[in-house]
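Asks: Take a look at the letters that make up each chain.
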Amino acid sequence: MLPLEDYRRYGRQMILEGFGLPGQVKLKEASVAVVGAGGLGCPALQYLAASGIGRIGVIDHDVVELSNLHRQILHTEATIGMPKALSAAKAMAAINPQLKVDAVVQALSSANATELLGLYDIILDCTDNAPTRYLLSDVAVTLGKPLVSGAAQRFEGQICIYNYGENGPCYRCLFPKPPAQETVGTCEETGILGAVTGVIGNLQALETIKIIVGLKDQAPSLLLFNALQTPPFRSIKLRNRKPACAACGLGAKTQGMIDATDYVQFCGGPPANWVERGL
Amino acid sequence: MLPLEDYRRYGRQMILEGFGLPGQVKLKEASVAVVGAGGLGCPALQYLAASGIGRIGVIDHDVVELSNLHRQILHTEATIGMPKALSAAKAMAAINPQLKVDAVVQALSSANATELLGLYDIILDCTDNAPTRYLLSDVAVTLGKPLVSGAAQRFEGQICIYNYGENGPCYRCLFPKPPAQETVGTCEETGILGAVTGVIGNLQALETIKIIVGLKDQAPSLLLFNALQTPPFRSIKLRNRKPACAACGLGAKTQGMIDATDYVQFCGGPPANWVERGL
Amino acid sequence: MASSVSLKIEFGGGLELLFANQRSHKLTLPALVPSDNSTAHSPPNLDPDTDSATSDDAPIADGWKRVDVTYLLHHLRDHLLKERPELFMDKETVRPGILVLINDTDWELEGEGEYVLKDGDEVVFISTLHGG
Amino acid sequence: MASSVSLKIEFGGGLELLFANQRSHKLTLPALVPSDNSTAHSPPNLDPDTDSATSDDAPIADGWKRVDVTYLLHHLRDHLLKERPELFMDKETVRPGILVLINDTDWELEGEGEYVLKDGDEVVFISTLHGG
Ligand SMILES: [Zn+2]
Ligand SMILES: [Zn+2]
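If you read the sequences in order, they're chains E, G, R and X. Letter by letter, the first sequence follows residues 5 to 283 of the numbering used here. Letter by letter, the second sequence follows residues 5 to 283 of the numbering used here. Letter by letter, the third sequence follows residues 13 to 144 of the numbering used here. Letter by letter, the fourth sequence follows residues 13 to 144 of the numbering used here.
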């Protein structure tokens with residue numbers, strides 16, 4: 005089932021109760037798409053790569069900048085200017101040469117998302133903007149795949165698994181209408197403590213591994229993190245899938261909606277600094 | 005105060021409220037000792053290195069093995085056989101060439117710990133055995149320095165800051181007597197999920213950064229993590245420093261105790277597999 | 013039923029910036045409030061020994077209701093909010109992108125705005141984050 | 013005071029392995045128990061209308077005490093533990109390396125074994141971890 009070397013490499017997790025050889029084989033046969041190789045994507049990618057997952061797609065069209073390095077720990081001064089997807093792929097190859105990595109240097113859009121993400125079993129949302137979060141949720145619904153979604157700003161983070169299990173809600177079940185532009189900050193504007201993205205991205209990898217191995221329960225929940233609060237973590241019991249949801253509800257035509265939606269306009273158009281950044 | 009390049013590199017965290025330029029300068033002037041460059045040490049080192057801390061000492065006498073790579077994400081197949089302290093130092097130099105790294109390939113003992121750790125402001129316990137945990141706590145008390153202590157086994161983790169603030173307890177305040185040998189498992193025996201060490205090590209880096217910047221409150225607490233439980237995190241309110249503590253209590257002669265203690269014998273002698281491992 | 017309820021209110025995800033940058037608030041609201049959610053009025057003047065009139069099955073005077081989350085929203089907007097109410101409320105509910113949590117449960121499972129507040133309840137308002 | 017207390021018990025850090033590998037347990041203990049912590053006896057036979065005899069200020073019969081954490085330890089060892097009691101208890105307390113938490117607070121702040129259990133209390137037993 006597994007090469008002898010894998011027993012040595014993954015032995016410490018294969019002796020875990022509820023994991024074992026079957027768990028390791030499931031990881032090897034699994035494929036995961038990580039959208040965004042930034043503050044959340046880097047720690048998620050590194051623990052997914054180390055765990056023995058068979059195939060990882062990393063999708064990001066940005067290039068590495070100096071201002072990323074305080075938190076995006078797969079990138080280095082040597083890869084400044086390189087597309088993040090390639091820089092991350094290089095780092096993952098060093099961690100685990102047996103891993104198959106698909107580095108996709110493309111912006112995700114209505115036009116390509118369903119096809120690109122259809123190749124993988126699970127999708128990780130490690131992005132940094134509202135339009136892509138809505139797009140990813142709609143695509144996860146169309147494809148019938150779980151979406152392990154992380155977010156972080158300032159000293160805070162959130163993690164939630166959408167479209168998972170019998171009754172799990174999608175992002176639109178929780179947030180049917182996008183927030184107004186002026187209520188949405190970015191890490192560029194509001195700041196971010198690097199280790200906070202680390203905690204959330206790391207938890208995204210952990211939840212993904214739990215889903216693949218079969219250790220994840222299906223009760224919808226949201227985990228909130230605030231690095232400055234006591235207690236720092238708070239677990240929330242979430243609503244089920246909503247029958248009236250425009251994306252995952254009864255009779256929803258999700259793929260048609262994806263094709264017809266300009267997600268940036270849906271979220272209020274590009275903010276000033278997106279135009280500057282050439283998005 | 006800071007080179008111009010640092011404003012670009014650390015800008016995203018310098019715009020955080022309560023952080024700012026003073027916070028970044030404090031990081032640059034700070035020094036941290038990380039004892040253990042394994043499952044907890046790797047993520048802690050990586051986020052400390054990226055954050056802009058001035059000097060990091062990494063202390064570990066083990067060498068990188070294939071069975072480490074599923075969780076010890078600074079080491080690679082290329083560094084198998086290399087001392088972990090050197091392998092980690094190499095990875096940190098790639099993340100942040102401005103960082104001063106002291107790689108110490110030595111086993112920590114009663115004889116060298118006080119001198120070695122006296123060079124740093126804060127100590128991280130990223131070790132994997134009871135004797136070193138008692139030794140580190142006693143040394144932190146002697147030196148009057150906070151000890152950011154992490155531990156992980158199976159699907160569980162714990163993080164606690166000892167000897168911190170006016171009334172913070174030391175490890176001996178909580179655990180005056182060492183547990184019997186047969187109650188103590190190691191990651192080799194009980195297994196460990198890599199992403200669990202990631203979460204705890206990452207949180208150790210975060211707590212260390214909070215202490216340096218001045219964002220950490222002093223109420224003694226313990227954070228428990230179980231990857232398979234809902235909710236996964238639990239925060240515990242801990243006792244204060246105990247006046248009768250053998251290490252940090254009134255009239256305790258801590259350095260004398262360190263000099264006189266054989267910590268391995270104190271914890272019940274070397275277990276069978278330590279002897280095999282040549283410790 | 014007491015004549016008032018004590019609540020713990022928390023803001024997160026940046027919403028605290030609208031409330032004097034304070035994350036935690038303690039609040040006491042009257043048990044009976046105007047049905048139109050106007051927060052300027054006092055509750056109906058109840059004699060201490062007519063307290064039983066506010067018991068669970070007792071009829072409530074026209075124009076009044078038991079204090080619920082919708083009233084709480086109005087109270088927070090009218091009395092605690094420091095700036096830009098449109099960043100907190102949109103018509104009679106929270107603006108898009110805000111999640112309301114009652115005792116660590118999504119308010120959608122508790123009846124949303126119609127949830128009747130109980131003494132000691134904790135209500136959290138959290139803005140969804142988009143950064144990464 | 014009711015004649016029994018319901019408790020939530022949790023084990024972690026590997027201790028659950030001693031308790032049929034079950035982390036969470038629900039437990040009901042009598043409000044009054046033998047002072048010597050023997051768990052074989054029944055509580056004193058109280059007539060329903062002498063219930064007031066167990067009220068907080070009422071005198072307690074010789075040889076009995078209000079149920080406390082020390083009694084809980086004995087009960088867990090005698091009735092729930094599946095193997096190797098020395099890995100759970102050492103003399104009259106928990107063995108070294110176990111932390112006891114009462115409602116998310118270190119038991120040392122609550123009186124340790126002498127803490128009198130209240131209905132609804134949650135008691136967690138956690139073994140300290142050493143791995144890394
Ligand atoms: Zn939906
Ligand atoms: Zn002490």
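A portion of the hints provided could be inaccurate.
[To be verified] Pairwise CB distance ranges, derived in the manner of DEER restraints:
(1) X:Ser18 - G:Pro235: 44 to 54 Å
(2) X:Arg35 - R:Asp131: 25 to 35 Å
(3) E:Ser239 - X:Ala14: 26 to 36 Å
(4) E:Ile84 - R:Asn33: 47 to 57 Å
Quick caveat, the hints were computed from the structure, so don't treat them as lab data. Note that the structure is predicted; figures quoted are calculated from it, not measured. Backbone N, C-alpha and C define an ideal beta-carbon position, used for all residues, glycine too.
Asks: Next, verify each hint and record whether it holds.
Replies: Hints and how they fare:
1. The beta-carbon spacing between X:Ser18 and G:Pro235, approximately 21 Å, falls outside the hinted interval of 44 to 54 Å.
2. For X:Arg35 and R:Asp131, the hinted distance range of 25 to 35 Å is satisfied, since their beta carbons lie about 32 Å from each other.
3. Against the hinted window of 26 to 36 Å, the Cβ-Cβ separation of E:Ser239 and X:Ala14 comes to about 31 Å, which satisfies the hint.
4. The beta-carbon spacing between E:Ile84 and R:Asn33, approximately 35 Å, falls outside the hinted interval of 47 to 57 Å.
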